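All chains should be modelled from the sequences, with the hints used to inform the complete structure.
2 protein chains.
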Amino acid sequence: MKALICRPPGVEFVENAPEPEINTSESRVRVYWAGICRTDLELTKGYMGFEGILGHEFVGVVDDDASPLPRGARVVGEINAGCGRCEWCASGMERHCPNRTVLGILKRGGCMAERLTLPHENLLPVPKDVPDRVAVFTEPLAAALEIFEQIHIEPIQRVCILGDGKLGLLIAMTFGIRHEGPVVLLGRHHEKLKTVEDLVEVHLENQFDATMNKQWDYVVDATGSSSGLNRAMQLVKPRGTIVLKSTMAHAEALDLTPLVIDEVTVVGSRCGRFAPALEFLARRKPPVERLIDAEFPIEQARAAWDRASARGVKKVLLKVNAE
Amino acid sequence: MKALICRPPGVEFVENAPEPEINTSESRVRVYWAGICRTDLELTKGYMGFEGILGHEFVGVVDDDASPLPRGARVVGEINAGCGRCEWCASGMERHCPNRTVLGILKRGGCMAERLTLPHENLLPVPKDVPDRVAVFTEPLAAALEIFEQIHIEPIQRVCILGDGKLGLLIAMTFGIRHEGPVVLLGRHHEKLKTVEDLVEVHLENQFDATMNKQWDYVVDATGSSSGLNRAMQLVKPRGTIVLKSTMAHAEALDLTPLVIDEVTVVGSRCGRFAPALEFLARRKPPVERLIDAEFPIEQARAAWDRASARGVKKVLLKVNAE
Numbered sequence: 001m002k003a004l005i006c007r008p009p010g011v012e013f014v015e016n017a018p019e020p021e022i023n024t025s026e027s028r029v030r031v032y033w034a035g036i037c038r039t040d041l042e043l044t045k046g047y048m049g050f051e052g053i054l055g056h057e058f059v060g061v062v063d064d065d066a067s068p069l070p071r072g073a074r075v076v077g078e079i080n081a082g083c084g085r086c087e088w089c090a091s092g093m094e095r096h097c098p099n100r101t102v103l104g105i106l107k108r109g110g111c112m113a114e115r116l117t118l119p120h121e122n123l124l125p126v127p128k129d130v131p132d133r134v135a136v137f138t139e140p141l142a143a144a145l146e147i148f149e150q151i152h153i154e155p156i157q158r159v160c161i162l163g164d165g166k167l168g169l170l171i172a173m174t175f176g177i178r179h180e181g182p183v184v185l186l187g188r189h190h191e192k193l194k195t196v197e198d199l200v201e202v203h204l205e206n207q208f209d210a211t212m213n214k215q216w217d218y219v220v221d222a223t224g225s226s227s228g229l230n231r232a233m234q235l236v237k238p239r240g241t242i243v244l245k246s247t248m249a250h251a252e253a254l255d256l257t258p259l260v261i262d263e264v265t266v267v268g269s270r271c272g273r274f275a276p277a278l279e280f281l282a283r284r285k286p287p288v289e290r291l292i293d294a295e296f297p298i299e300q301a302r303a304a305w306d307r308a309s310a311r312g313v314k315k316v317l318l319k320v321n322a323e
Numbered sequence: 001m002k003a004l005i006c007r008p009p010g011v012e013f014v015e016n017a018p019e020p021e022i023n024t025s026e027s028r029v030r031v032y033w034a035g036i037c038r039t040d041l042e043l044t045k046g047y048m049g050f051e052g053i054l055g056h057e058f059v060g061v062v063d064d065d066a067s068p069l070p071r072g073a074r075v076v077g078e079i080n081a082g083c084g085r086c087e088w089c090a091s092g093m094e095r096h097c098p099n100r101t102v103l104g105i106l107k108r109g110g111c112m113a114e115r116l117t118l119p120h121e122n123l124l125p126v127p128k129d130v131p132d133r134v135a136v137f138t139e140p141l142a143a144a145l146e147i148f149e150q151i152h153i154e155p156i157q158r159v160c161i162l163g164d165g166k167l168g169l170l171i172a173m174t175f176g177i178r179h180e181g182p183v184v185l186l187g188r189h190h191e192k193l194k195t196v197e198d199l200v201e202v203h204l205e206n207q208f209d210a211t212m213n214k215q216w217d218y219v220v221d222a223t224g225s226s227s228g229l230n231r232a233m234q235l236v237k238p239r240g241t242i243v244l245k246s247t248m249a250h251a252e253a254l255d256l257t258p259l260v261i262d263e264v265t266v267v268g269s270r271c272g273r274f275a276p277a278l279e280f281l282a283r284r285k286p287p288v289e290r291l292i293d294a295e296f297p298i299e300q301a302r303a304a305w306d307r308a309s310a311r312g313v314k315k316v317l318l319k320v321n322a323e
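Which chain is which? The protein sequence lines are A and B, in order. If you're matching positions, the first sequence starts at 1 in our numbering and goes up one per residue. If you're matching positions, the second sequence starts at 1 in our numbering and goes up one per residue.
Since the hints were derived computationally from the structure, they do not count as laboratory data. The reader is advised that the hints may include incorrect statements.
Identical chains share a label here; the pair holds if one copy fits it or two copies do between them.
As a list, the in silico DSBU-like pairs of lysine-lysine whose alpha-carbon atoms are at most 35 Å apart [said to hold, decoys possible]: (1) K45 to K237; (2) K237 to K214; (3) K107 to K237.
These numbers come from a predicted model, not from an experiment.
See the structure below:
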């Protein structure tokens, strides 16, 4: 089958990838669309030493008569497959299972291929009024909504989001729609900030001066760099909370003393559950399609990768199979 | 009056320090005992650029007819004096007031002197069955108990404390007395660990192997060094909490990616309220006197400083005035 293979320092399109192995606990899915995420770009630079088929953001249809879901049902899929036996799996947090595999990231081939397999319970039907190009945002949207599962935010509290990358924009959308209090997004790209200016207050980062320091109950760092945490420590109120979404490729020089002096809480936040994300897409209709920058057929993987790697680009989608 | 002055890189005993200025909002206190804290040692190395009379841990008596407390009442004192007008002061958190002064630390002379002044409301009477040498631990004990004001810990959860310095030992005592679940203290000094071995499980740090990693719901870093946070990130469970008590003198190379991947929460924790600490001393009788390493008259400040600076030493007290 057609697939994109991780070949650091790049990506390779192949016509003859082996079909994914299937067993009685898993369903096969025919992929319509796959999204390129920053993690994918990092994997093709060698991050985590991943080998195999890339991709973890997708929408497709069940392609399997043995699945509990009907053949042809439109689905998205939770990307973490737990061992099913540990305390994490027992509490519904397969995404922290120490023996998990992760679609297109860890010991499991991904969704940038004509077909994939996932455990039956990982697949969720897409509500019928959620279009494919919207449903493909379920995974990154779940990562944005995860914040609301971790923190208890009061309606009047002030929120500052750092970073106008894809995740930062999704987080801004979710706060813009869900939160009553002030929400500000700081970024570096006027064009990207404009995407959400009807939902939240937006500012170019360098136009946000020191009078804004220590004014924010919650600061979400979605910059993807360690400078984000330093900035967040300036902006957050004493006793406030920083939500940390940025991972770092290397150890960075950091002085965390302000966290202690101001008794700030830092909440590490990764990916989230799909069910609330699908509900949110169906009921609140966040305008995620605005985040689509370009669409490429899977055969044009290199062009898609180049586009997704360019500065200031939003979401790049790959068309895998025709509907 | 006799006093100890911060003179980086050391400390100076003087006979003729000026008496503290007094106004109608403050009470004068005659100091019996003062404790030497790591912060004092840092101040005399130049930290915060502090000038003036050192010291913030004390017990004494009211020495003032205009005080709302009777002359001669035994007291301890909250060290942060807020502006009284900001949102922090209004909510009882003078210790985060941006315009605060801090006894012996920030724009206010300290307690290593025959007399000090503090706002009336900062002074708290010492319960009569709490001896002076115990009451002088109120301030560091409040910093240990602050953890319980910030986190909600369930009885069965597992706690690991890093660092057998004075604060680490006090934290171990409070968890040993208050917490039903497993509590372990890791340190580097067999003698110091022995101080609390009847209250918590103690281990030399290097005897705690990798099988203990990711096993702890709460890890308290009281090592005073950035290596503590790295160790805490190894030990804490996914979705667990690190309580950060360590401040750093410089920016350190840190990779916080594990916080994001494991969705760990870091809670910065500094000093706490005195009222719960006095209650705890009176009712639970933690054996804080075990932490006293040596006592010196204030005139022997240099010897006291040398002792307090030596490796593996616990609390050094200064006798200021006779009872």
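Homo-oligomer pair classification [K214, K237; C-alpha up to 35 Å]
For K237 and K214, the Cα distance is within 35 Å both inside one copy (4 Å) and across copies (30 Å).
Status of K237 relative to K107 across identical chains (alpha carbons, at most 35 Å):
between (41 Å within a copy, 22 Å between copies)
State whether the alpha carbon distance between K45 and K237 is at most 35 Å within one copy, between copies, both, or neither.
Classified as between; 29 Å across copies, 37 Å inside a copy.
In summary, this structure violates none of the numbered hints.
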